[in-house]
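Please build the complete structure, drawing on both the sequences and the hints.
Here's the letter readout for the chains.
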Amino acid sequence: MQTAKRPNYLFVFIALAGFTLIETLVSYVQQAAIKLPTLIVLSVVKAVLVLLYFMHLKFDSKLFSYLFIAGCVLVIPLILAMVLIMPVITP
Amino acid sequence: MSEMQASSPAPIAEHENTKLAMWVFLGGEVVFFVSLILLIIFTRLTHSDYEAQFRSHLSIPVIALNTFVLVTSSYFVVRALEAISFKDDRKALRNNLIMVIVLGFLFLAGQAFEWTSLFGEGVNLASTYGSPFFTVTGIHGTHVFVGILWAIYLMFGHRRMPFTKENHLGIENFGLYWHFVDIVWIVLFTVIYLI
Numbered sequence: 001m002q003t004a005k006r007p008n009y010l011f012v013f014i015a016l017a018g019f020t021l022i023e024t025l026v027s028y029v030q031q032a033a034i035k036l037p038t039l040i041v042l043s044v045v046k047a048v049l050v051l052l053y054f055m056h057l058k059f060d061s062k063l064f065s066y067l068f069i070a071g072c073v074l075v076i077p078l079i080l081a082m083v084l085i086m087p088v089i090t091p
Numbered sequence: 001m002s003e004m005q006a007s008s009p010a011p012i013a014e015h016e017n018t019k020l021a022m023w024v025f026l027g028g029e030v031v032f033f034v035s036l037i038l039l040i041i042f043t044r045l046t047h048s049d050y051e052a053q054f055r056s057h058l059s060i061p062v063i064a065l066n067t068f069v070l071v072t073s074s075y076f077v078v079r080a081l082e083a084i085s086f087k088d089d090r091k092a093l094r095n096n097l098i099m100v101i102v103l104g105f106l107f108l109a110g111q112a113f114e115w116t117s118l119f120g121e122g123v124n125l126a127s128t129y130g131s132p133f134f135t136v137t138g139i140h141g142t143h144v145f146v147g148i149l150w151a152i153y154l155m156f157g158h159r160r161m162p163f164t165k166e167n168h169l170g171i172e173n174f175g176l177y178w179h180f181v182d183i184v185w186i187v188l189f190t191v192i193y194l195i
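Protein chains in written order, with my numbering: chain A, 1 to 91; chain B, 1 to 195.
Check the hints yourself; a few may be wrong.
[Claimed, not checked] Using 20 Å as the maximum straight-line C-alpha spacing, the simulated SDA-like pairs for lysine to any residue come out as follows:
| no. | chain 1 | residue 1 | chain 2 | residue 2 |
| --- | --- | --- | --- | --- |
| 1 | A | K35 | B | L58 |
| 2 | A | K62 | B | N173 |
| 3 | A | K62 | A | C72 |
| 4 | B | K165 | A | R6 |
[As the list claims (entries may be wrong)] Covered by chain B, per the in silico footprint, the following chain A stretches (three or more residues, Cβ under 8 Å):
| no. | stretch |
| --- | --- |
| 5 | 13–25 |
| 6 | 34–41 |
| 7 | 65–79 |
No wet-lab data here; the hints were simulated from the structure. Just so it is clear, the structure is predicted and the values come from calculations on it, not from any experiment. Virtual Cβ for every residue (Gly too), placed ideally from N, Cα, C.
And the structure:
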């Protein structure tokens, strides 16, 4: 972490707590068309906030970001395999 | 050759090698946990009775509270890092690590409460949804427990060579691990409990 840059950790924490509350309330919504995309977007936003600010990817060497992204890229074949297998085993 | 090496820009500082190793480890953990999350998604998509057989047994408010506990623990980790890296304040570092340990145990207690309730309602390792659920949340809980042990080590095992403003990479690496475990829970919370 470069010590010259200091993110506002309290602001990030409040955002994470607030999003968690919103997620919990949205989970009781019955319409899947609203519920599903909202929950996925909020979950991704929370994960990115933690990565960028708590884990300092926004301020650190890009190499660390690439390593994390590499892990995410490596799971694409797994997801594709699941998508391909699904129609075969689903009754 | 040596001149070329000297003139080429280093992507990271030499003293940050352990941080590089931590990010390599976390890249591997991404693959590991996504595989487990896919197991849950796969089970849900190939069966139509998730809501009746499993989700109805889950207590969303309790787990939301547990999620808040883990997110709060992440905040105390960055406060611990800030205390040592900006203020060189070892007392604040220790106090924040104590909070992380307490909140970590509180999270595990919440998980134990949930597991006990599920067992009581007949959801067990042999059931269709119980098997992937207990596997994934159990492995995640084990990661939290390892993180707690790591935090305890940082508090008591580093007395001979205490952390300073200049030497705090051990705290930073622990923070990376703990925040990653937090991210995994953020995803699990959505996939298992909310959707």
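Quick rundown of the hints versus the structure:
1. K35/A / L58/B: The given pair, whose Cα atoms are some 18 Å apart, holds under the 20 Å limit.
2. K62/A / N173/B: This hinted pair holds, its Cα atoms lying about 17 Å apart.
3. K62/A / C72/A: Satisfied, since the Cα-Cα distance of roughly 15 Å is no more than 20 Å.
4. K165/B / R6/A: 15 Å, holds
5. 13–25: Holds: 7 residues of the stretch 13–25 of chain A have a Cβ under 8 Å from chain B.
6. 34–41: Coverage by chain B holds here, the residue count being 4 at a Cβ distance below 8 Å.
7. 65–79: holds (count 9)
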